[in-house]
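Protein chains: 2
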Amino acid sequence: MARSTQTVDELAERVAAGDRRALARAISLVENDDPRGWELVRALFPHTGRAHTVGLTGPPGAGKSTLIGRLVEHARAQSKSVGVLSVDPSSPFTQGAVLGDRIRLSEHFLDPGVFIRSMANRGALGGLAEAALQAVLLMDASGREEIFIETVGVGQAEVDIVDHADTVVLVLIPGSGDSIQALKAGVMEIPDVICVNKADHPLTETMVREIRGVLALGPQGGWRVPIVRTEAARGEGIDELAAKIAEHRDYLGAVGELAERRRRNLVSEVLTIASARLRKRLEGALRDDPELARLLDEVAARRLDPSSAAERLLAVAASAAVPN
Amino acid sequence: MARSTQTVDELAERVAAGDRRALARAISLVENDDPRGWELVRALFPHTGRAHTVGLTGPPGAGKSTLIGRLVEHARAQSKSVGVLSVDPSSPFTQGAVLGDRIRLSEHFLDPGVFIRSMANRGALGGLAEAALQAVLLMDASGREEIFIETVGVGQAEVDIVDHADTVVLVLIPGSGDSIQALKAGVMEIPDVICVNKADHPLTETMVREIRGVLALGPQGGWRVPIVRTEAARGEGIDELAAKIAEHRDYLGAVGELAERRRRNLVSEVLTIASARLRKRLEGALRDDPELARLLDEVAARRLDPSSAAERLLAVAASAAVPN
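Keeping their order, the protein sequence lines are chains A and B. Here our numbering is used: position 293 in the first sequence is 277, and no number is missing along the way. Here our numbering is used: position 146 in the second sequence is 130, and no number is missing along the way.
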């Protein structure tokens, strides 16, 4: 195929022009850790920073994908071009949607104004975060105005892809007791917007009251976290949710926090990428070096302690590292 | 004070003899990243591997600490010596227990057969996992027969201190809908034992049925994950929980899985320690090197992409790394 002979510059130009196929190919290169993928991001990085990135997180089954489908419809009704990145292994975007979802989401797949991609390599979380963040940059460079990122989270979020978004929406449902407890205990960070989905459930108001109670304990002043009730499956509450997301973005811009948040996110992105690469080198060293494999046998036999083994591993990995 | 002049060898000897103060001091050294701490672990590592380590995880508010208090009572009634390590920032062990809990837990603080320690440096999770795993080794070397590790978890567990235990107990309560969803979606790993605490709640049987449904979807054969109902506050169900934990340990031993699981855990411990140290070096390099700080300004201005910045950071950190 002709496109495999495309130069990185040609591909970058087509991505910047908004070409969907070029964007898909660029993301695949990044996902496969192909050096051309990184070159592309390098070339396109100056074109980034224009999109509004919105992260939706929450427990599996809260309806994040359906909600994103509705938010996409809403953005399309305003003729905004949209990108969707799902890094939730349990998402219908990833697994192939079922029934009604399949129909609704596949409409979007056919709309040239919507670009949908899922990444859910379980077990390779370091590399996943790294690739996901680059994919968002590529979507941004290709002129997508709104980018929705779907991640699964039930409290802790070490990987925190979602934290790199301008606006973080936590999606809960009546019955999300564990998430409420995690918020209350400070184990989970307070998001920018809270959405209580499946709000036709009789326990919705109890849940909203509990959330209010948790928010009242937090710092006051600044942005007031809104609680929006939705029924994504029936399209209810979507206008309000979209309005609150837009309001948050406007707020960040007005108080000058947007630039600061993005700077912080980019710094943490640099660290995430560097750590992921280091970890990959360590795992490679462990796999390829028979002497290191013997080291692990020594640890298992309790003759060599884990910390000393780690130092030996670091020494080998450092000598193997060729800065490029 | 005389003890500050103690040599590492003297301290190691006292830890191995079961001296509580020596153990406390050894853990502090590890927690403070003092080189003597690591020397101690090196010296004592051959004495480890005798304790049965039990990890209890679950959402905040599920009653893990109270449950551990009861399991400690149970072990003490059999004259077993016990260690407790809490790495849950929302735990009463960490925050100072309240009311009834305080009284019950403080009894244990006075019992020389019980050693309790909490570590909950939020924000330093890499370092925390590293120190926690070493603390468990030190408790093990000091002759603690049962070690309970308390971690907070609501689905994802990247840090996975609890995964280093021989037996993992997931503690849920009626209302733990998010955890059930996370189990169902495969986002949370199936534990060895599931405990439904606060089982006097009217929705307990609904929760037990939901858990059964999730377990039925998983692989059959091998260890059958038991579901135990407890009311930790009133001491109910504790005998059964302790019996199931002991049964799991016996099962691992009988089928030869214990050695394999421990080997796998030690290998992952080596990687955890190595990665944490690398990350620390990177953060140090970013903090101390004005040229790297300027690099980040370039990234924030979108003139240098995050991946290229990460490579520059890695090159600097590699040249700064002195293998020891």
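Hint data in this document are derived by calculation from the structure and do not stem from the laboratory. Just so it is clear, the structure is predicted and the values come from calculations on it, not from any experiment. Hints are supplied without guarantee of correctness; some may be wrong.
No copy labels: a pair is met if it fits in one copy or bridges any two.
[Stated by the list, open to error] No more than 25 Å apart at the CA atoms, straight line, and that leaves these computed lysine to aspartate or glutamate pairs for DMTMM-like:
no. : residue 1 : residue 2
1   : K168      : E23
2   : K168      : E(-3)
3   : K264      : E57
4   : K264      : E241
5   : K168      : D3
6   : K264      : E189
7   : K264      : D147
8   : K168      : E57
9   : K168      : E(-6)
10  : K264      : E295
11  : K228      : E(-6)
12  : K228      : D18
13  : K64       : E194
14  : K168      : E129
15  : K264      : E244
16  : K64       : E23
17  : K264      : D95
18  : K228      : E244
19  : K264      : E231
20  : K64       : E282
21  : K228      : D281
- Which numbered hints turn out to be false for this structure? 1, 2, 3, 4, 5, 6, 8, 9, 11, 12, 13, 14, 16, 17, 19, 20, 21
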